[in-house]
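Protein sequences, first through last, are from chains A and B.
Numbering of the first sequence is given in our numbering, commencing with residue 1 and proceeding in unit increments.
Numbering of the second sequence is given in our numbering, commencing with residue 327 and proceeding in unit increments.
Be a bit skeptical, because a hint or two may be false.
Said to hold, decoys possible - Cβ-to-Cβ under 8 Å is the rule here; a few derived chain B residues that face chain A:
1) D447
2) N470
3) V475
In short, the hints are calculated from the structure, not lab data.
Glycine residues also receive a C-beta, built at the ideal position from the N, C-alpha and C atoms.
Protein chains: 2
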Amino acid sequence: MINDVKTMDENIQKIWYDEAFDLVKAEINNTLSKSPIVIREYTKHLLASQGKYIRAASVLICAEDKEGMIHPDAVKIAASIEILHLATLVHDDVIDNADLRRGNITLQKKYGKRTAVICGDYLLSVSLRMAASISNRQDFLNLNMPDYVEKVCLGELNQHINNYNVNLTFFNYLKIISGKTAALFEASFFAGALFTGISEAEAKKYRKLGNYIGMIFQLTDDCIDFENTVETANKPVQSDYEQGVITLPLIHALKQLGDFRAKAQGSGVSRSEINEAVSKTGGLDFTRLIVRKYYNKSMKIVDDLDITDNKKDKLIMLLNKASRTA
Amino acid sequence: MINDVKTMDENIQKIWYDEAFDLVKAEINNTLSKSPIVIREYTKHLLASQGKYIRAASVLICAEDKEGMIHPDAVKIAASIEILHLATLVHDDVIDNADLRRGNITLQKKYGKRTAVICGDYLLSVSLRMAASISNRQDFLNLNMPDYVEKVCLGELNQHINNYNVNLTFFNYLKIISGKTAALFEASFFAGALFTGISEAEAKKYRKLGNYIGMIFQLTDDCIDFENTVETANKPVQSDYEQGVITLPLIHALKQLGDFRAKAQGSGVSRSEINEAVSKTGGLDFTRLIVRKYYNKSMKIVDDLDITDNKKDKLIMLLNKASRTA
């Protein structure tokens, strides 16, 4: 047993999902709006562009026990992972020199790279401190959050190195996003499941499921990025390709079309040529096929978990959110 | 009792200081030279500009028991803190746009800011993972490394915000360096002492001593920076002031000389005017007086600790290293 419910305080007041989710949002808002004065202006700026908390939802759903109740410490872990994610976004925007994030001006654009680097570091430390503030820390020694931070960094670096690499392979791309995106989903699923007192074998299933859902989430994002670019082809957008990031739809096209690849490597190709190549080779359909494969593998794991039907439904809801089919 | 030696494995083979120190160096070299391929070129680059490991020495000396022996896990903690320090330097160089560090070209100059930001994040995660790899982690739950990372970040940010602030006060400056530099010394002393099974009261003394030694280290650095600038006045140097950092010798001068401060705030002052003002007002002597005060307070704590004479001698050696009087 990695973890055992008996070691937890039996007197603790468990809560329902909706209450827990609201508490996560309150915890994050509180952290960003009441940070030390010296950093408050910057962290408050981040409040405006909050995401949908899909990682937090992952933690909470996985933390549900057989009665559908959640240990209150799962709120801390969920908020901690969202803040860690936010830290990586702040550094990503420095790395990508990005001006906008979710429609809002980025921290690095508004306050400069210096401030953004320190703010990212600060959020990272806040995240780890928050994770360490739970009451039964000894049960979470196996979670090893720094391992996941390391995976995210290596994924980021691997992506950065492969910027504009027209020879990037399918498998190397999957490896990149498995670090960059899926690692934090994996951590979320594992951390949540630890609250339910699971066996090693069961923990492995949760980790795998988290990883698959992360892959689905990223590959679906890749498709959406392409679709948005096509829609807004005449506007100045900062799509993946403009930032040098080559994603699966384009990797598929580059592999099929040797001439196109040679031109991309040599004199370069225009945005409309890329869209045409992806369209001609069915790059989006190919990517969605891979998403479907991860989806089916995920469903098999969900079926296999020893959990209530209600929890299964919630996990499927997460799967649908990740693949934007919800 | 924060920590109790009895909870540690009695069969563990403890080691002497010299062996422990060599093992720390080997651990750091191994980490930097055998990191994942995707990052190895960058971490290897950092091998060239290693420091004197004064934080590692702090951990090991504080970890010595009454027989002068050290728990082998102290090696992991010492290496972890040095790597954490290295991570902050890598990000500092991004923030300060620095070209050189200890005479070597910086990571950010050689490979760009993107790579340096990710490498710093990677080293931070490696550091925390290493700290988490010790055998008796439950005894170190009170160490709270992320708290110290947070203090370092806030100190950095506070300094950054006060760049070129000619009205920065003595006390605010002490607050900045207490975070920026002294926090990691405090962590080193506390972490080391935890290996010796100490009381809360005793732990508080170690933390305070670490903080004071960190202050001494930074204030002495400030003086050295000024002395170097005077010596190399005709060469292009990147001293503190050129990077906007106003340190205690200059703060003292700015406070004494109203006209000089007005000019610095307005049209600006030259390097030689600064050196002259610091010299005229005895800024270096004033800073060394503050160092002496911290030194005396440190000596009182060392006297007060319930430790062997040998360990006292080693702590005094550290004090002298920090104040460069060794």
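Would you settle whether the hint for D447 of chain B is holds or violated, based on the nearest Cβ-Cβ distance to chain A being less than 8 Å? D447 of chain B check passes; min Cβ-Cβ to chain A is 5 Å, inside 8 Å.
Can we keep the N470 of chain B interface hint, with Cβ of chain A closer than 8 Å? Because about 6 Å separates N470 of chain B from the closest Cβ in chain A, which is inside the 8 Å limit, the hint holds.
Residue hint V475 of chain B, partner chain A, criterion CB-CB below 8 Å: 4 Å, holds
Violated hints for the displayed structure: none, as all numbered hints are satisfied.
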